[in-house]
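Q: Residue-level listing of the chains:
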Amino acid sequence: MKRLLVLLFVLATPALAVNPDEMLKDPAQEHRARELGKDLRCLVCQNQSIDDSDADLAKDLRVIVRERIAKGDSDDQVKSFVVDRYGDYVLLKPPFKATTLALWLGPLALFAGALWAVLAFYRRRPAEKAAPPPPPLSAEESRRLDKLLKETER
Amino acid sequence: MRRFLYVLPVAVFAILALFFLKGLTLNPRDIPSVLINRPVPEMSLAPLPGRGDTSGLATENLKGRVSLVNIYGSWCISCVQEHPILMEIKKRGDAPIHAVDWRDDPVLGAAWLKKNGDPYERVGIDPPPGRTAVDFGVTGAPESFIVDKAGIIRYKHVGPISREIWAKTLLPIIRELEKQG
Chain L
1 MKRLLVLLFV
11 LATPALAVNP
21 DEMLKDPAQE
31 HRARELGKDL
41 RCLVCQNQSI
51 DDSDADLAKD
61 LRVIVRERIA
71 KGDSDDQVKS
81 FVVDRYGDYV
91 LLKPPFKATT
101 LALWLGPLAL
111 FAGALWAVLA
121 FYRRRPAEKA
131 APPPPPLSAE
141 ESRRLDKLLK
151 ETER
Chain S
1001 MRRFLYVLPV
1011 AVFAILALFF
1021 LKGLTLNPRD
1031 IPSVLINRPV
1041 PEMSLAPLPG
1051 RGDTSGLATE
1061 NLKGRVSLVN
1071 IYGSWCISCV
1081 QEHPILMEIK
1091 KRGDAPIHAV
1101 DWRDDPVLGA
1111 AWLKKNGDPY
1121 ERVGIDPPPG
1131 RTAVDFGVTG
1141 APESFIVDKA
1151 GIIRYKHVGP
1161 ISREIWAKTL
1171 LPIIRELEKQ
1181 G
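In order, the protein sequence lines correspond to chains L and S.
The first sequence begins at 1 in this note's numbering and counts up one residue at a time.
The second sequence begins at 1001 in this note's numbering and counts up one residue at a time.
Simulated from the structure, these hints should not be mistaken for lab results.
A portion of the hints provided could be inaccurate.
What the hints assert, rightly or not - Within a straight-line C-alpha distance of at most 30 Å, the following computed DSSO-like cross-link-like pairs (lysine-lysine) qualify: (1) L:Lys38 x S:Lys1156; (2) L:Lys25 x L:Lys93; (3) S:Lys1168 x S:Lys1179; (4) L:Lys93 x S:Lys1022; (5) S:Lys1090 x S:Lys1022; (6) S:Lys1022 x S:Lys1149; (7) S:Lys1149 x S:Lys1090; (8) S:Lys1179 x L:Lys79; (9) S:Lys1022 x L:Lys97; (10) S:Lys1115 x S:Lys1179; (11) S:Lys1091 x S:Lys1168; (12) L:Lys93 x L:Lys79; (13) L:Lys97 x L:Lys79; (14) L:Lys97 x S:Lys1156; (15) L:Lys25 x L:Lys79; (16) L:Lys93 x S:Lys1090; (17) L:Lys38 x L:Lys2; (18) S:Lys1091 x S:Lys1114.
Stated by the list, open to error - Listed next, with one range per pair, are the computed distances between beta-carbon atoms: (19) L:Lys2 x S:Arg1029: 42 to 48 Å; (20) L:Leu91 x S:Arg1175: 22 to 28 Å; (21) L:Lys38 x S:Ile1077: 27 to 33 Å; (22) L:Asp26 x S:Ala1150: 40 to 46 Å.
Claimed, not checked - Non-contacting residues of chain S with respect to chain L, defined by C-beta distances greater than 10 Å in every case (computed): (23) Thr1025; (24) Pro1049; (25) Arg1103.
Just so you know, even glycine gets a beta-carbon here, dropped at the ideal spot from N, CA and C.
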């Protein structure tokens, strides 16, 4: 049973949709195609990369990416070829530019705001602790306190 | 300042709720095309057998008249839904419709037109890996592009064309483009 489990875990490598007949003969080029494929969004399934997707369009894009690599395109040239047709949306990691500023800096701004709120909260607290001690009891108050204490003792 | 702090979480919630509500009404399939106002991609597609045309669909064919380029395939289910409307458009002569038979067996593509009717002026076949479809930024079938007289893509519609979409959105754009030199 244990052996079976171990075997299953060993066999459970991420399922890639890349078919052997799509692969490039040059391992270095094929590796580049894989890395690029991970960054490109499958436009049918939308939240998978073309490397993970079994959709026909993803397969077509894998083939076209490999064609361009075989023709000598650089990684950036391949990416801009696809972006030229499908827009920045096809990149799983959005580029840093004016229209995506909120996307990239938003979380940072939120974190800064939270940090400021926490710091402000703790800065106010010592001030409360340092409030002046209450004035000592007056003679009248001491007498009443003694009386009360004596009553409870009885 | 104090009172403002009490309202803040409510305000943040309200703003987020607005965004999420808006998100619910959006269609994630509507990806804005980057090809709008760009020339039709270079293409020279072979004709579909059995239609009697000797030339398929090429970039030059899309110049001179405002036309519709429709991406279809015999495997495409929504295309069945769209087809009768394309037939009506053809009958009325609103605008010439050209087709890219995408990722299809040409024999099946031709048989499909024979069975359902042929609304197209020109049909070009785009075998896998669908280079022309990728050049058009196609994400699924059916998709339709309005091309102006100069061969510039002016509008893209994703999904089947309904009678309403044709009458209210696409036809007005075509009429407007026809007025331009």
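Q: Hints first: check each against the structure and report whether it holds.
A: Each hint, compared with the structure:
Distance hint between lysine 38 (chain L) and lysine 1156 (chain S) is fulfilled; the C-alpha atoms sit about 28 Å from each other, no more than 30 Å. With a CA separation close to 28 Å, the supplied pair lysine 25 (chain L) and lysine 93 (chain L) stays within the 30 Å bound. Between lysine 1168 (chain S) and lysine 1179 (chain S), the direct Cα distance comes to roughly 18 Å. Compliance with the 30 Å bound is thereby established for this hinted pair. Restraint check for lysine 93 (chain L) and lysine 1022 (chain S): the C-alpha separation of about 24 Å stays at or below 30 Å, so the hint holds.
For the given pair, lysine 1090 (chain S) sits about 37 Å from lysine 1022 (chain S) by alpha-carbon distance, which is inconsistent with the 30 Å threshold. Of the supplied pair hints, the one linking lysine 1022 (chain S) and lysine 1149 (chain S) is violated, its CA atoms being roughly 37 Å apart against a limit of 30 Å. In summary, the hint linking lysine 1149 (chain S) to lysine 1090 (chain S) is supported, as the alpha carbons are separated by about 19 Å, within the 30 Å threshold. Between lysine 1179 (chain S) and lysine 79 (chain L) the alpha-carbon distance is near 38 Å, which puts this suggested pair outside the 30 Å criterion.
Between lysine 1022 (chain S) and lysine 97 (chain L) the alpha-carbon distance is near 24 Å, which keeps this suggested pair within the 30 Å criterion. This hinted pair does not check out: lysine 1115 (chain S) and lysine 1179 (chain S) have alpha carbons roughly 36 Å apart, beyond 30 Å. Simply put, lysine 1091 (chain S) and lysine 1168 (chain S) have alpha-carbon atoms about 18 Å apart, close enough for the 30 Å limit, and the pair holds. As the CA atoms of lysine 93 (chain L) and lysine 79 (chain L) are separated by approximately 12 Å, the hinted pair is consistent with the 30 Å bound.
Between lysine 97 (chain L) and lysine 79 (chain L), the direct Cα distance comes to roughly 16 Å. Compliance with the 30 Å bound is thereby established for this hinted pair. Of the supplied pair hints, the one linking lysine 97 (chain L) and lysine 1156 (chain S) holds, its CA atoms being roughly 25 Å apart against a limit of 30 Å. For the given pair, lysine 25 (chain L) sits about 21 Å from lysine 79 (chain L) by alpha-carbon distance, which is consistent with the 30 Å threshold. At roughly 43 Å between alpha-carbon atoms, lysine 93 (chain L) and lysine 1090 (chain S) are farther apart than 30 Å, so this suggested pair is violated.
Of the supplied pair hints, the one linking lysine 38 (chain L) and lysine 2 (chain L) is violated, its CA atoms being roughly 34 Å apart against a limit of 30 Å. About 16 Å separates the Cα atoms of lysine 1091 (chain S) and lysine 1114 (chain S), which keeps this hinted pair within 30 Å; it holds. With their beta carbons about 47 Å apart, lysine 2 (chain L) and arginine 1029 (chain S) fall inside the hinted range of 42 to 48 Å. Taking the beta carbon of each, leucine 91 (chain L) and arginine 1175 (chain S) are about 37 Å apart, not inside 22 to 28 Å as hinted.
Checked against the hint of 27 to 33 Å, the pair lysine 38 (chain L) and isoleucine 1077 (chain S) passes, with Cβ atoms roughly 30 Å apart. Between aspartate 26 (chain L) and alanine 1150 (chain S) the CB atoms are about 42 Å apart, so this pair conforms to the stated range of 40 to 46 Å. Interface exclusion of threonine 1025 (chain S) from chain L stands, the closest Cβ pair being 18 Å apart, more than 10 Å. With a closest Cβ-Cβ approach of about 22 Å to chain L, proline 1049 (chain S) is found to remain outside the 10 Å limit, as its non-interface label requires.
Remark: the non-interface label on arginine 1103 (chain S) conflicts with the geometry, its nearest Cβ contact in chain L lying 6 Å away (cut-off 10 Å).
Checked against the numbered hints given earlier, the structure breaks hints 5, 6, 8, 10, 16, 17, 20, 25 and satisfies all the rest.
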